[in-house]
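Q: In case you want the letters, here they are:
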Amino acid sequence: MLMIKNFTSIFWTNTDASTNQLYTYFGIAAGCILFLVIFFTYYFSKKYRAKQPDELPEQKEINHKFELFILILAICITAFFLIMSINTMQQIQDIPENPKPDLVITGHQWWWEAKYPQSGVLTANEIHIPVGKRILLEVNSADVIHSWWVPALGRKIDMIPGLKNYIWLYADKPREYLGACSEFCGIEHARMRIRVVADTEEDFKKWTESQLEPVITQATPLFDKGKALFEQKTCTNCHGINGTPFSENIGPNLTHFGSRKRFLSDMKPVTRENLKEWLTNPQNVKPGVKMPNFIFNPDEIEALTEYIYNLK
Amino acid sequence: MSLFIDIPEDDDQLPALNTGRGKLIWISSVDHKQLGIMYLWLALFFFLIGGIEAMIIRAQLASADNDLISPELYNQIFTMHGTTMIFLALMPALIGLATYLLPLMIGANEMAFPRLNAFSFWMTCMGGFLMYFSFFSGGAPDAGWFNYAPLSENNYSSTAGVDYYLVGLILTGMGSIGAGLNFVTTVLTLRSPQMKLNMLPLFAWMIFINGFLLLAAFPLLNAGLFMMLIDRQFDAHFFIPSTGGSAILWQHFFWAFGHPEVYILALPAFGIISEVIPVFSRKPIFGYKFIAASTVAIALLAFGVWIHHMFAAGMSNTVNGFFAASSMLIGIPTGIKVINWIGTMYKGSIRMTVSMMFTMAFLIDFTIGGLSGASFAIVPIDWQLTDTYYVVAHIHYVFLGGTAFGIFAGIFYWFPKISGRHLSEKLGKWHLWLFVLGFNMTFLLQHVLGILGMPRRVYTYPVDLSYWEVLNLISSLGAIFMFAGIAAFLWNIYVTLKKPRQADDNPWEAWTLEWATTSPPQLQNFTSLPPVHSRRPLWDLKHPDNPDKKLN
Numbered sequence: 001m002l003m004i005k006n007f008t009s010i011f012w013t014n015t016d017a018s019t020n021q022l023y024t025y026f027g028i029a030a031g032c033i034l035f036l037v038i039f040f041t042y043y044f045s046k047k048y049r050a051k052q053p054d055e056l057p058e059q060k061e062i063n064h065k066f067e068l069f070i071l072i073l074a075i076c077i078t079a080f081f082l083i084m085s086i087n088t089m090q091q092i093q094d095i096p097e098n099p100k101p102d103l104v105i106t107g108h109q110w111w112w113e114a115k116y117p118q119s120g121v122l123t124a125n126e127i128h129i130p131v132g133k134r135i136l137l138e139v140n141s142a143d144v145i146h147s148w149w150v151p152a153l154g155r156k157i158d159m160i161p162g163l164k165n166y167i168w169l170y171a172d173k174p175r176e177y178l179g180a181c182s183e184f185c186g187i188e189h190a191r192m193r194i195r196v197v198a199d200t201e202e203d204f205k206k207w208t209e210s211q212l213e214p215v216i217t218q219a220t221p222l223f224d225k226g227k228a229l230f231e232q233k234t235c236t237n238c239h240g241i242n243g244t245p246f247s248e249n250i251g252p253n254l255t256h257f258g259s260r261k262r263f264l265s266d267m268k269p270v271t272r273e274n275l276k277e278w279l280t281n282p283q284n285v286k287p288g289v290k291m292p293n294f295i296f297n298p299d300e301i302e303a304l305t306e307y308i309y310n311l312k
Numbered sequence: 313m314s315l316f317i318d319i320p321e322d323d324d325q326l327p328a329l330n331t332g333r334g335k336l337i338w339i340s341s342v343d344h345k346q347l348g349i350m351y352l353w354l355a356l357f358f359f360l361i362g363g364i365e366a367m368i369i370r371a372q373l374a375s376a377d378n379d380l381i382s383p384e385l386y387n388q389i390f391t392m393h394g395t396t397m398i399f400l401a402l403m404p405a406l407i408g409l410a411t412y413l414l415p416l417m418i419g420a421n422e423m424a425f426p427r428l429n430a431f432s433f434w435m436t437c438m439g440g441f442l443m444y445f446s447f448f449s450g451g452a453p454d455a456g457w458f459n460y461a462p463l464s465e466n467n468y469s470s471t472a473g474v475d476y477y478l479v480g481l482i483l484t485g486m487g488s489i490g491a492g493l494n495f496v497t498t499v500l501t502l503r504s505p506q507m508k509l510n511m512l513p514l515f516a517w518m519i520f521i522n523g524f525l526l527l528a529a530f531p532l533l534n535a536g537l538f539m540m541l542i543d544r545q546f547d548a549h550f551f552i553p554s555t556g557g558s559a560i561l562w563q564h565f566f567w568a569f570g571h572p573e574v575y576i577l578a579l580p581a582f583g584i585i586s587e588v589i590p591v592f593s594r595k596p597i598f599g600y601k602f603i604a605a606s607t608v609a610i611a612l613l614a615f616g617v618w619i620h621h622m623f624a625a626g627m628s629n630t631v632n633g634f635f636a637a638s639s640m641l642i643g644i645p646t647g648i649k650v651i652n653w654i655g656t657m658y659k660g661s662i663r664m665t666v667s668m669m670f671t672m673a674f675l676i677d678f679t680i681g682g683l684s685g686a687s688f689a690i691v692p693i694d695w696q697l698t699d700t701y702y703v704v705a706h707i708h709y710v711f712l713g714g715t716a717f718g719i720f721a722g723i724f725y726w727f728p729k730i731s732g733r734h735l736s737e738k739l740g741k742w743h744l745w746l747f748v749l750g751f752n753m754t755f756l757l758q759h760v761l762g763i764l765g766m767p768r769r770v771y772t773y774p775v776d777l778s779y780w781e782v783l784n785l786i787s788s789l790g791a792i793f794m795f796a797g798i799a800a801f802l803w804n805i806y807v808t809l810k811k812p813r814q815a816d817d818n819p820w821e822a823w824t825l826e827w828a829t830t831s832p833p834q835l836q837n838f839t840s841l842p843p844v845h846s847r848r849p850l851w852d853l854k855h856p857d858n859p860d861k862k863l864n
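Quick note, the sequences are listed as chains A and B, same order.
Each residue of the first sequence is one higher than the one before, counting from 1 in the numbering used here.
Each residue of the second sequence is one higher than the one before, counting from 313 in the numbering used here.
Hints are not guaranteed to be accurate.
Claimed, not checked - Within a straight-line C-alpha distance of at most 30 Å, the following computed DSS-like cross-link-like pairs (lysine-lysine) qualify: (1) B:K738 - A:K51; (2) A:K47 - B:K508; (3) A:K46 - B:K741; (4) A:K164 - A:K205; (5) A:K65 - B:K741; (6) A:K51 - B:K861; (7) A:K173 - A:K225; (8) B:K601 - A:K46; (9) A:K261 - A:K115; (10) A:K225 - A:K261; (11) B:K508 - A:K65; (12) B:K601 - A:K65; (13) B:K601 - A:K47; (14) B:K738 - A:K65; (15) A:K60 - B:K811; (16) A:K60 - B:K810; (17) B:K854 - A:K46; (18) B:K659 - A:K46; (19) A:K133 - A:K100; (20) B:K659 - B:K811; (21) B:K741 - A:K47; (22) A:K225 - A:K164; (23) B:K335 - A:K60; (24) A:K100 - A:K115; (25) A:K60 - A:K46; (26) B:K861 - A:K47; (27) A:K51 - B:K659; (28) A:K47 - B:K854; (29) B:K738 - A:K46.
Derived by calculation from the structure, the hints in this document are not laboratory data.
Please take these sequences and the hints and turn them into a complete structure.
A: Set out below in C-alpha cells:
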C-alpha cells in the first residue's frame with residue numbers, strides 16, 4: 001500500500017484539483033471502454049469460433065439502431081470531456097492582460113537562468129519560490145526551444161526563443177519539487193533537470209535578502225589567487241558575479257554559488273570534489289556541455305575551487 | 313464464356329517480369345506487382361535497421377546513468393529510429409501492399425501510371441539510402457524526426473546530418489506524392505466497368521482516400537523541408553528567431569503534415585483489418601457504409617487537428633480549445649470503427665489463423681493507443697503529459713500495435729497470393745505471441761514512466777528517482793522478446809520461400825477480385841473477370857442461390 005502511495009505521490013500531489021479530477025474521469029471512461037473491447041474481442045473469438053470447417057453463418061451486415069446508439073453515446077462522452085477540459089483550461093491558464101511576472105526563467109543549453117524582477121535577484125539553476133502563493137512565471141529561451149515542467153507545481157510550457165510565455169506556479173508545501181526540460185534541446189537534454197525549492201514566506205524573504213547581499217570576500221591567499229585566475233583565464237567572458245564588473249550571462253551566474261546545494265542543472269551536489277572534477281574536464285562530467293576544457297593545472301584548480309566554493 | 317467479361321488491355325507492352333532475362337530486370341520493371349514486392353523488401357530491410365536502433369536505445373536506457381553510448385550517438389540513433397520507422401518502414405510497407413493489391417482488387421491489370429509507379433519506388437529507396445549515408449559523412453541527423461528549429465539550424469547542428477535528413481525526406485516525399493496520385497487515378501479510371509465506387513473493397517477504398525491525404529500532406533512537408541534547406545545552405549532566416557524568423561512556424565508546417573501522416577499510416581491498416589476480419593469471420597463487414605464514410609471524415613478532419621501536437625507551445629485558450637474540439641471529434645469515427653470490426657465477429661464463424669490473431673491483437677492494442685491519444689485532446693492532461701514517455705507509449709501503440717500489427721495481418725493474409733506459398737502458421741504463432749507479449753511488456757509500462765515524469769528523448773536518467781530504473785529495465789527486456797518475434801518472422805519467410813509453390817488461387821475462400829486470379833498472378837493480372845454486382849463478387853459466384861444485394 002505504501003508502495004502504491006509512494007508511487008502515485010510524485011504525480012498525483014499535483015496541487016491543481018481540477019486536472020486531477022479530469023484524470024480520474026478520463027481514467028474511468030477509458031478503463032471501461034478498454035475493458036469492453038478486450039472482453040468482446042476475447043468472448044466473441046471463443047463463442048463464435050468455427051465448429052466445422054465449412055460452416056457458414058447468416059450473412060447479416062449491420063444493425064443500424066445499434067450503430068446510431070453508439071454514435072450518439074460517443075458524441076455525448078466527447079461533449080462531456082470537451083466542456084470539462086475547457087473549464088479546466090480557463091482555470092489553469094487565466095493570465096492577465098499585461099502580465100507582471102514574479103519570476104522570469106530563461107532556458108539555456110543546458111541550464112536555467114532565474115530572475116526575480118520585483119527584488120532584482122539574479123541566479124541560476126537553484127530556483128526558490130514562496131509557498132502558498134500563486135507565482136506568475138514568465139519563460140523564454142536564449143537559444144533553442146526548451147520546455148518548463150515541474151509536474152507538481154503546474155502545467156508544462158514551452159520556452160521559445162523570441163516569444164514570452166506565462167504560467168502560474170503554486171506550491172502548497174515547503175519542500176523541493178523536481179522537474180525536467182521536456183522539449184528535446186540537444187546533446188544534454190537529459191541532464192537539464194529542474195529543482196525548485198519552495199520556502200515558507202519567511203525563509204523566502206531571508207533567501208531573497210541573502211541573494212541581494214554582496215559576495216562575502218574572504219581574503220585568504222588561495223581565494224585571492226582563485227579570484228585572479230577567474231578573471232585572467234576568461235571565465236568572466238561567460239560567467240557573471242554580482243558586485244564585480246563582470247555581468248556576462250552566457251553561462252550560469254555564479255554569485256553566491258557556494259550557497260547552492262546542487263549545480264549543473266541538478267546533476268551533482270556542490271562539493272569541493274565535484275567542483276574539482278568539473279574544472280578538470282567539464283566534457284568528462286557532462287559531455288557536449290558548452291564550457292570548454294581549459295586544461296588547468298592542479299594548483300589552478302585548487303585555487304579556482306577555493307574561490308568559487310566560497311562565493312557565499 | 314458469357315459469365316465472364318473481357319477487360320480492356322494496354323496496347324504497349326511495358327517492360328516487366330517476363331519481358332527480359334535475369335535479376336536486373338527488377339530495376340527496370342514497371343509492373344505493379346514487382347514494384348509492390350520491392351517496396352515490401354525495402355520496408356523489411358529498413359524495419360530491421362530501425363529495430364536494431366531501437367534495441368540500442370533500450371540497451372542504453374536499461375539502467376540509470378548508463379554510458380553504453382555517447383549522448384551524441386544516442387541522439388542520432390533515436391532520430392534515425394523515428395525517421396526510419398515512419399518514412400522507410402511503415403510507409404513503404406503500406407504503399408507496397410497497396411501497389412501490389414490495388415489493381416488486383418479493382419480488376420485492373422496495371423496502375424494508371426506504371427512509370428510514375430517505378431519512379432515513386434526508386435525515389436523512396438534513394439531517399440532512404442541517402443539519409444543513411446549521413447552516418448559515413450560525419451554524423452547522422454540528430455534533431456529528432458520532428459527536427460524542430462532552431463535546434464536543427466546551422467548554429468546548433470553543425471554536422472551535415474540534418475541536410476541529409478532534409479534532402480532524403482524531400483526525395484521520399486516526392487515518391488509518396490507520386491504514389492498518392494497513382495492510387496487516386498487508378499481507382500478513378502481503371503476499375504472494372506461494373507464496379508461502382510460504392511462497391512470497392514474497403515482496403516481499396518482506404519487506399520483511394522489515402523491517396524488524397526498523401527497528395528495534400530506531403531507538399532506541406534516538402535515546402536517546410538525546402539525552407540529549412542534554404543536556411544541551412546543559403547543562410548536564410550525562415551525559422552531562426554534571432555534574425556527575424558519564427559521557431560514556431562516550423563512546427564506549424566511539420567504538424568500540419570505530421571497529423572495527416574498519422575492517418576496516412578493508419579488508414580491502410582484499417583483497410584487491411586476490414587478485409588481480414590470478414591473473411592475469417594465468414595460474414596460481410598459490419599457497416600460498410602459507416603466505415604467508408606467515416607474514413608472520409610477522418611481524412612478531412614486530419615487537416616484540422618495539428619495544434620494538439622503544440623498545446624504546450626503557449627497558444628491562447630481559444631486556439632487550444634478549438635483544436636481540442638476537433639481532436640476529440642476525430643476520435644469518434646476512429647473509435648466506432650473498432651466497434652464495427654468487433655461487430656463483424658459477432659455471430660460469425662471465426663477461423664483463428666495467424667492473420668486473424670494479429671487483427672485481434674490490433675483491436676486491443678490499437679484501442680489502447682486510441683484512448684491514450686484521446687487523452688491528449690483533453691488539454692490539461694496534455695499540458696502534463698506531452699513530451700513524456702506517455703507519448704512514446706502512445707505512438708508505439710498506434711504505429712506498432714496499430715499499423716504494424718495490421719501489416720503483419722496483411723502479410724500473412726496475402727502472402728499466398730503474392731508468393732504462391734503459405735507462411736507457416738506454427739512459426740507465425742511464435743512470431744505473434746513473442747511480438748505481442750514483448751510489445752506490451754515494453755510499452756505498457758512506459759505510460760507509467762511518463763506519468764512519473766520521465767521526459768522523452770533523454771539519453772539517460774538519474775538513479776535516485778523511484779521506480780524509473782525497474783520500469784525501464786522491464787521495458788528493455790520486452791524489446792528482446794519483440795526481437796525474437798521478428799527473428800521467427802524472418803525465419804518463416806526464409807523457409808517458406810524455399811518451398812515449392814502450393815497455394816490455391818483462393819485459399820481463404822475470400823470474396824474480392826484479387827483472389828479470382830492465379831497465385832501468384834501472371835504478368836497480365838486478369839484475362840477475364842467474374843461479373844461484379846456486389847461488394848463480394850466471388851461470394852455471388854459461389855452462392856448463386858444467396859447472392860449479396862445487387863448494387864449496379
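Q: Confirm or reject each hint.
A: Against the structure, the hints:
1. B:K738 - A:K51: Holds: K738 of chain B and K51 of chain A sit about 21 Å apart, inside 30 Å.
2. A:K47 - B:K508: Violated: K47 of chain A and K508 of chain B sit about 36 Å apart, past 30 Å.
3. A:K46 - B:K741: At roughly 17 Å apart (the allowed maximum being 30 Å), K741 of chain B and K46 of chain A satisfy the hint.
4. A:K164 - A:K205: Given pair K164 of chain A, K205 of chain A holds - Cα atoms ~27 Å apart, limit 30 Å.
5. A:K65 - B:K741: Roughly 38 Å separates the two Cα atoms, so the pair is violated.
6. A:K51 - B:K861: Measuring from Cα to Cα gives roughly 27 Å; hence the hint holds.
7. A:K173 - A:K225: Between K173 of chain A and K225 of chain A the Cα gap is close to 43 Å, so the pair fails against 30 Å, i.e. violated.
8. B:K601 - A:K46: holds (28 Å)
9. A:K261 - A:K115: Distance of about 18 Å is within 30 Å: holds.
10. A:K225 - A:K261: holds (24 Å)
11. B:K508 - A:K65: Judged against 30 Å, a Cα distance of about 27 Å means the pair holds.
12. B:K601 - A:K65: holds (14 Å)
13. B:K601 - A:K47: holds (27 Å)
14. B:K738 - A:K65: violated (41 Å)
15. A:K60 - B:K811: violated (39 Å)
16. A:K60 - B:K810: At roughly 41 Å apart (the allowed maximum being 30 Å), K810 of chain B and K60 of chain A break the hint.
17. B:K854 - A:K46: At roughly 28 Å apart (the allowed maximum being 30 Å), K46 of chain A and K854 of chain B satisfy the hint.
18. B:K659 - A:K46: Judged against 30 Å, a Cα distance of about 11 Å means the pair holds.
19. A:K133 - A:K100: holds (15 Å)
20. B:K659 - B:K811: violated (37 Å)
21. B:K741 - A:K47: holds (21 Å)
22. A:K225 - A:K164: violated (41 Å)
23. B:K335 - A:K60: The hint is violated at about 48 Å.
24. A:K100 - A:K115: holds (13 Å)
25. A:K60 - A:K46: Holds, at about 20 Å.
26. B:K861 - A:K47: holds (28 Å)
27. A:K51 - B:K659: Holds: K51 of chain A and K659 of chain B sit about 13 Å apart, inside 30 Å.
28. A:K47 - B:K854: holds (27 Å)
29. B:K738 - A:K46: Holds, because 20 Å separates the two Cα atoms, which is no more than 30 Å.
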